[in-house]
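One letter stands for each residue in the lines below.
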Amino acid sequence: MSNIEATRVMGAVSPSADRTMVVPAGGMPTQMGGDPMRTQMGGTTNCPVCKSVTPLMEPYCGDCGFLLTSAPPVEADMAPQEAPPAELIDLTDGRKFRLNNGVNTLGRQGTDVLITDATISRNHATITLENGVVTVEDLGSSNGTKVGDLRLSANQPTTAPAGTVLKFGNWQARLEIGGPDRGSSDKTVVVSDRTMVGTPPTDDKTIVGIPPLGDAPGVPPLPPTEAEDAGPFVAMLTNEQGPSPDIRVTTTTITIGRRAGNTLVFPNDAYISGKHAEIATDATGTYLTDTGSTNGTFVNGQRLVVGERQLLLEGDEVQLGQTRYRFTPVAPVETPTEADADVYAEGAGLETSVPVEAQPE
Amino acid sequence: MEDRTQILGRTGMPNAPGMAQPTVIGGSRTQMGGAMGGVDPMRTQMGMPMQTVEVECVPGNRYAMAPEISRDHALIVVKASGQQLGRRAPINVCLVIDRSGSMEGEPLEYVKRACEYVVDMLEPNDILSIVTFEEQVDVLMPARRIVNKALVKEHIRRMEAGNTTNLYDGLVAGCMQIQSVMAQTPGYVNRVLLLTDGEPTAGLKDFNSIVQQVGQQKAQGISITALGFGSEYNEELMAGIARRSGGNYYYIQRPDLIPEVFRRELETLMTIVARNVRVRLTLTRWSQVRQVYGQQPAFQGRVVEIPLPDIERGTVRTVLAEFEFDRRPAGTYRVAKVEVLYDDVVNNRPSQAVGDLVFDFTTDRSLLAAGVNQIVRNELDIAMASKNLERTMMGMRTQQLTAMGAMQELNKTRTVLMQAGQAAKAQEVTMAIQALQSGGEAEKTLMGTVLNLNQGKR
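First to last, the protein sequences are chains A and B. Just add 1 to the spot in the first sequence (first one is 1) and you have the working numbering. Just add 2 to the spot in the second sequence (first one is 1) and you have the working numbering.
Next comes chain B alone, as it looks inside the complex (with noise of 0.2 Å):
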């Protein structure tokens, strides 16, 4: 841990890592595993084995009026048990590298670094390949197993930097490689990790024709991590990639981080325990969901599928959603049937955790003040900033907001994330800030914030 701290080097805060951290672990889940009274003791008890993943639904306020339409949020908690269950699941990587003229010297080498890291990472049953970009792309080692680390190395020390950035082909060609042993491969964690500087200037370049390819690449289980490095690269693009993806994004400051990033993601990949998970809501009747927090919904008729990133053993994602309910006779009903679908890569089988979100529609307006869910309000202060901390972006890139008005906006969103238990989130806004202060990059760095509080990692 102390080595890390130096690595990082950022002397004056010994717990701001120099990149938007992709997952925060430890911390909050217990926080919201206490609170909600952890596992279902009713599960333990038929003698059902534990599930990798489980689901806790929990209402905004447990009573709705029933006379009249009313509007509610309702949380849905995913939870990955902490436990090691098995053997970590093998991983299917990919590191698909800019190495565009201005990668040349110091980036380049660091990368060759990190590169050099992952393979001494791997175990045998990992399976690696390496692409590079520039005008043309290279396939620098087609997927297979490592059985010389020597060798591969070498061949990584070989990478020299060349001219343009041909991002889209690059990103193709790094996805073709992990496609090709996919077929050999079932149950393995597929991954992409795509780093680059700059603006992609050969290929397809429009942020829709990436993000769209990307989109295909995750529908055949492939995600990509986007790895932004320096001042020149388009943030938006690079957390564009992650989000349709599932995948993580961070921001490299320095080239001398790159090789901390590379090994604190391979560490993330390695603890994945439920992949291609989905949230399915099947809604009964009179109950409606208005929007889903951070995220883009699929609405067919009653079911309304959340996409969410793959989960590490002993996370939380969570989804907060807003429901309108039409008026009904009192009583208590399930609003929705909630099921958590995934593929369990730790027993390498299709799972599925359910659960039932369920309210108290009542005519005794008294009742609303004591069904308020601390931990729903919380959720949607969280929501609330994330929202606040786009607009802020967006008021920066218009040059509506001065770096002044940004700044008292940050601090008025840090304060929430603070007040919400995300400290780590807040930490991240107070970096901004101070990036702000000495005419940085302040978007570089909330880019990640947002995505992750839109993924709902907490």
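Bound conformation, chain A alone (with noise of 0.2 Å):
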């Protein structure tokens, strides 16, 4: 019987009882010391809502939070959440903010889209997003708001498409318009910048899914690399320089190489092998294995050895083929679904990016 069984078992017949047999506020969960399973070192237990893999010491699942002990929600089958029809990304920091459709407003007090920045007015600008399409209003702000290179108007909305960079005060962001990803059906995403249909026509270095760690020129688009079955989102190798795009890693393992029948295939590098390398995820890391290319895997200029499994962590430096690579440990905020691969399957014109509602059960 799994651990999850054993304590659904031992829970209350309403869930809302069992879970007040909880303390909310710090301290261990009572029911930790009942159960043997849970003591026992080493193991992992996957978290009943998010499926995370998580050490069975831990209480509670490392990618969202759930309190494992307590008894599995009703509604797991649930779509926890829909995914922002548009979002604003810190172009620093990396945040998202999430836009909703209407009218939202942004400023340094109260407002829907909070910027603590002393740059910005209280009440600074909207963001307005009807059928997809966002327009912005500066609300006669003390140091201006800009949309690309465009500095507004007071009380001019202004329309500003997907990818543009939207600057209020001295905070920028980019804007990012569309829906979650509805599964794409491929287990073989090809990617090529050649697939990127209907790139917003500003939108020269659009990275979707996670904030770009500098504005490296001639860094394409990020295309949908997710696998439909792909486990949640946990790093990311994001392209300093090269041709081939950003890594989405997940938990499950992903192979990289220029033929087809691997999970991730870069066709545009000749220096990638057909066989070149494999990236998996568990419990103690992400991990990187050259699996027997020519040219070589390299982590902060170390060749490996091929068929051996190299730890990734925070910062290193990775090169594959052409392109270098920089290791970042993240967890999405959004669902692991969400691919963005409408965006650019469908184009992100203006017209198409129609933002998609909750998935349904």
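It should be emphasised that the hints constitute simulated quantities derived from the structure, not laboratory data.
Below, simulated DMTMM-like cross-link-like pairs (lysine to aspartate or glutamate); rule was C-alpha separation at most 20 Å, straight line:
no., chain 1, residue 1, chain 2, residue 2
1, A, Lys-147, A, Asp-113
2, A, Lys-97, B, Glu-326
3, A, Lys-52, A, Asp-283
4, B, Lys-155, B, Glu-262
5, B, Lys-114, B, Glu-269
6, B, Lys-207, B, Glu-238
7, B, Lys-151, B, Glu-118
8, B, Lys-155, B, Glu-106
9, A, Lys-97, B, Glu-307
10, A, Lys-97, B, Glu-324
11, B, Lys-114, B, Asp-258
12, B, Lys-207, B, Asp-140
13, B, Lys-207, B, Glu-234
14, B, Lys-414, B, Glu-392
15, A, Lys-97, B, Asp-328
16, B, Lys-339, B, Glu-326
17, A, Lys-97, B, Glu-70
18, B, Lys-114, B, Asp-140
19, A, Lys-52, B, Asp-328
20, B, Lys-151, B, Asp-122
21, B, Lys-389, A, Asp-118
22, B, Lys-114, B, Glu-156
23, B, Lys-114, B, Glu-262
24, B, Lys-155, B, Glu-108
25, B, Lys-339, A, Glu-59
26, B, Lys-389, A, Asp-113
27, B, Lys-389, B, Glu-238
Take the two lone chains and join them into the complex the hints point to.
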């Protein structure tokens, strides 16, 4: 019997009664001592909510924070959230700010998008989202608002396409429009910047899903790189220089190569071997393995021995073919299924990127 | 205690000090500890040693709605044990004294007395340096342990007034004195006491250059306590220096109060038990921090870090944050792992306290009313009061508020602070109102009130 089932049997009939047994603020959950499974060293458990892998000793899921000793939620199959219809992504630290349909206020005090930056006025601007079209209006702020390079006059609503950099005072953010991925059907996703149909006009360096770690010129947009049943997004290999796109690392093992049949196919880099490398993640971390490449796989300048797993740590520099990546363990704020494929596949043209509603059960 | 009141010389209000208070000692601490259940019994059971610093995480409402995007507040309470757990940490202090022309006469005489006071208070382990500045900077005494107190005092008495105010270079020279011995003094509390009575008039003068320098010094482990004397200094700059470096800010109205303020600040420094304090929130999925009241946190992916000023024995620092939660399946979730990282200066080692911020996400809306936490609600009132004070000050500065209007606003804020149990802060607001009534300086006092509220000193 699995650990979770055991807890469920122990729990009371109604989930709410079960929950009251738990002390919410601090302290260890009371059930912990009673379950011998959990006190064993080593081993992992799967979170009933987000399916993330957590070491057995941890009382809370490391990803979604669910109290693992409590009964799994009845409506566990409920889609946990809808992706935001649009988002602002802070260019310096990658924070994401949800934009809802309708009017979103932006400012320093009590607004929908709350930016506590001194150069932002209390009521700085509004961002209106209607049918996937975003308009920005400056409300007479002290330090002004810019859409791309255009400085707005006060109270003049201006349309902003997806991918535009918006500037409020000294604060800069990239605008992302689009809904969640409804699950792409292909196990293998061919990634090349030529698949980028309908890239928005001003958008030459959009990276979706993760903040750019710098505005490296010529960084191609991130195509959908997530297979259908990929596990939760755990880390990011961000392109710092080179032709290949960013790599979203999930708990599912990713194979990389130039030939079809790999999870990620990089046909545009001749320095990538047919079967080049593999990225695997378990509870202890993310590992990169060279699976027999000709030109090698490098971590911080050191060539990996073929077939030997190399643990990746935050900030590591990874070289795959001609592309240099930076490794950042992150975990998403968005749903695990969101891959922004719609934006690219259907084109992020203003008419086509209709916000997508919550995923049905 | 009696003679202090005498020095302060405000016969009408025995409790009103002539300066902003650095910390409120006692009082609210017990209120907080009692209401939150005090020490975690789990911890002592397991036989772990008493921690210098403990953390408690209090959700603003223990319930949140699972099926919708919701916002809620949470309070992080960082408590330093009131017990004396060992010898106090030795201090490495530099007095940076403005001896510009305006300090001539009575002020400089009291400054000398204040410096002598400091010399008397220091113990053989402590390190003192003294830097004076006017047009140029002099190192009156390089950083060292005091062997011959009489000799040091003789040097102090030779201080003479000069011309302009080169605050920036004075500050840098003071920090350099502290740094010059830092390699030999691990585990010391490093602090500059910066006293000035005017605007900077020489050297780098602009707010940003100075505060940036202060930020660099803070990164080196040096905090600056800003002491503004008289009515001519720039309170925004001084409060900015204190805020950026996690130091204290004082407004000293009259020269005869200078020695008392120095003594009080020294006493505060001598009870510091933790320095280099950071609260680190590691957010779980579907949880975001919208803002941290009165603070500029650093965001890095899922990690939000908030620096806190040094913590004195038996005091409390609070951090109030607003969260946004995405919809999720109902259940109990940790929305953030909370770590308080600090240098334990009593035991001279890096240390940490850990807590979990947990909410119950429910589908039953009727539970919400019962889940409200009054302490967090109270803290929110205090945060709002602080914002109101800032707004009032801004209104006065831009002349959008008349003295009358400002007084009305201040009266409202005072009431809020009284109701929130912040008697000392309310008292400061009262002083500001009285200052306004007599056509005096309200902002210099209020700056300190806002700073202390924003630093989470309760």
